[in-house]
Structure formats: C-alpha cells, structure tokens
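Kindly generate the complete structure, drawing on both the sequences and the hints.
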Amino acid sequence: DSGVTQTPKHLITATGQRVTLRCSPRSGDLSVYWYQQSLDQGLQFLIQYYNGEERAKGNILERFSAQQFPDLHSELNLSSLELGDSALYFCASSVEVRGEAFFGQGTRLTVV
Amino acid sequence: QKEVEQDPGPLSVPEGAIVSLNCTYSNSAFQYFMWYRQYSRKGPELLMYTYSSGNKEDGRFTAQVDKSSKYISLFIRDSQPSDSATYLCAGGGTSGSARQLTFGSGTQLTVLP
Numbered sequence: 136d137s138g139v140t141q142t143p144k145h146l147i148t149a150t151g152q153r154v155t156l157r158c159s160p161r162s163g164d165l166s167v168y169w170y171q172q173s174l175d176q177g178l179q180f181l182i183q184y185y186n187g188e189e190r191a192k193g194n195i196l197e198r199f200s201a202q203q204f205p206d207l208h209s210e211l212n213l214s215s216l217e218l219g220d221s222a223l224y225f226c227a228s229s230v231e232v233r234g235e236a237f238f239g240q241g242t243r244l245t246v247v
Numbered sequence: 008q009k010e011v012e013q014d015p016g017p018l019s020v021p022e023g024a025i026v027s028l029n030c031t032y033s034n035s036a037f038q039y040f041m042w043y044r045q046y047s048r049k050g051p052e053l054l055m056y057t058y059s060s061g062n063k064e065d066g067r068f069t070a071q072v073d074k075s076s077k078y079i080s081l082f083i084r085d086s087q088p089s090d091s092a093t094y095l096c097a098g099g100g101t102s103g104s105a106r107q108l109t110f111g112s113g114t115q116l117t118v119l120p
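In order, the protein sequences belong to chains Z and G.
So the number in our numbering is just where the residue sits in the first sequence, counting from 1, plus 135.
So the number in our numbering is just where the residue sits in the second sequence, counting from 1, plus 7.
Because the hints were derived from the structure by calculation, they are not lab data.
Bear in mind that the values here come from a model prediction, so they are computed numbers and not experimental data.
Just so you know, even glycine gets a beta-carbon here, dropped at the ideal spot from N, CA and C.
Keep in mind that a hint or two might mislead.
Result set (DSSO-like, lysine-lysine): computed pairs, CA atoms no more than 30 Å apart in a straight line [what the hints assert, rightly or not]:
| id | chain 1 | residue 1 | chain 2 | residue 2 |
| --- | --- | --- | --- | --- |
| 1 | G | 63 | G | 49 |
| 2 | G | 49 | Z | 192 |
| 3 | G | 9 | G | 74 |
| 4 | Z | 192 | G | 77 |
| 5 | G | 49 | G | 77 |
| 6 | Z | 144 | G | 77 |
| 7 | Z | 144 | G | 49 |
| 8 | Z | 144 | G | 63 |
| 9 | G | 74 | G | 63 |
| 10 | G | 49 | G | 9 |
Which bits of chain Z does chain G cover? Going by a derived footprint, with three or more residues having C-beta under 8 Å, they are [said to hold, decoys possible]:
| id | stretch |
| --- | --- |
| 11 | 177-185 |
| 12 | 233-242 |
Below, the structure written as structure tokens:
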C-alpha cells in the first residue's frame, strides 16, 4: 500500500457526461501528479500541483481540469466525456516538487 | 522522438536469470530517475530512485545511471516468477519540460519457473 488513495476505483459513465476523480496523497506529501494510461499507451502526464498551486502541465485536454485543495487532496474533473477518454487515471504524490513519487491504485474509467 | 525511450519487449527469461532493462532519454534537464514495476495495470510501484550517475543497489535490484550517454538501466538478480510485470523507467527535473515526470512506455517481463 503506497498510502495514496484514489476514489472511485471503477467508474462507468455515458458520453457527454462529467465525472470527478479524487486523490488523497500520502500523509505529508505536498505534490500531486495526475496521469492517464490508455490500453495502447504508456503513462501520459496530465498535470502536477504543489501545495495548492499548479506546478507543471502536460497534454491535458481543455475538457479536463484539476485542482488541489487546502487539505492537499486533489480532484480531476473530466467533462464532455468521449469514448476515447476511457482509461486508467492514476494519481501520484511526493513530498516535494521533485523526488520519489508514489502512485495510487488508479481509477478505471469506462465511457460508453 | 519521445523524451524517454524503452524497449517494449516482451522479454522472457528463466527463473534465476539476471535481467537487464534499459532506457535512453533525450532531455538534458532530467536530474533524477526512477524505476517502477506495474502488475497488470495496477498502480505502478516504485522500485528505485536515483539522483546521480552511478550505481544504486537495493536487494536484488541495481539501478545504473550514465548521464553522459543518457542511459539508465535496471538489473534484477536471481529473478523470480513474481517479478513478471511491466517495468517503467521515468525521468524528471526541476526546470522546463523536465518538471513533468516523464515515463518510458514500459518493458513487459516474464520470468518462467
């Protein structure tokens, strides 16, 4: 158990809908990363937050947004969902802006 | 060109063999590197973290970084069937695009009993 908690574990939703994925980092970690992993692709970096501030941004779609709250948990919002958004979404956390990053077990999103 | 290149395999070895997994990277701003193990699309598990060139050993695992040639390796000694998984390398840093922790595509390893 890495100490990073993601909810829900599974999510099935229809095209056009909006969902929110939640991540609780390890105790004491200030940095949160979000990644997408599709069947035919590796881990694609979406966005990183550090202590509530956006730190780095990858190829995150405009339909996707994220934030980190004062208690350091983070949420990834996915809207106007398309079939191609079906993937595993992972959250990771680290103590600082760099360094060892520990992953949660992911949220498996299926868009039908 | 991807910033981190990794041979996808699959790689199949007999139990007890020494396994060598390799990655190359192109981003000179990478300062640190990590190796992860991922079972069947579960959450990646951190195996090794290295910050400087050279070797780092932890049990059966040795991570090697050569920043001059932008080459990183993971060696697994006395491999076990339970080591069968996908292995991911990653690089990161504190400036520019290196702030993204960037992953290779993973090497699928099977250790045969």
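Each hint tested on the structure:
no., hint, verdict
1, G/63 - G/49, "holds, 26 Å"
2, G/49 - Z/192, "holds, 24 Å"
3, G/9 - G/74, "holds, 17 Å"
4, Z/192 - G/77, "holds, 24 Å"
5, G/49 - G/77, "holds, 29 Å"
6, Z/144 - G/77, "violated, 37 Å"
7, Z/144 - G/49, "holds, 11 Å"
8, Z/144 - G/63, "violated, 34 Å"
9, G/74 - G/63, "holds, 14 Å"
10, G/49 - G/9, "holds, 24 Å"
11, 177-185, "holds (count 4)"
12, 233-242, "holds (count 9)"
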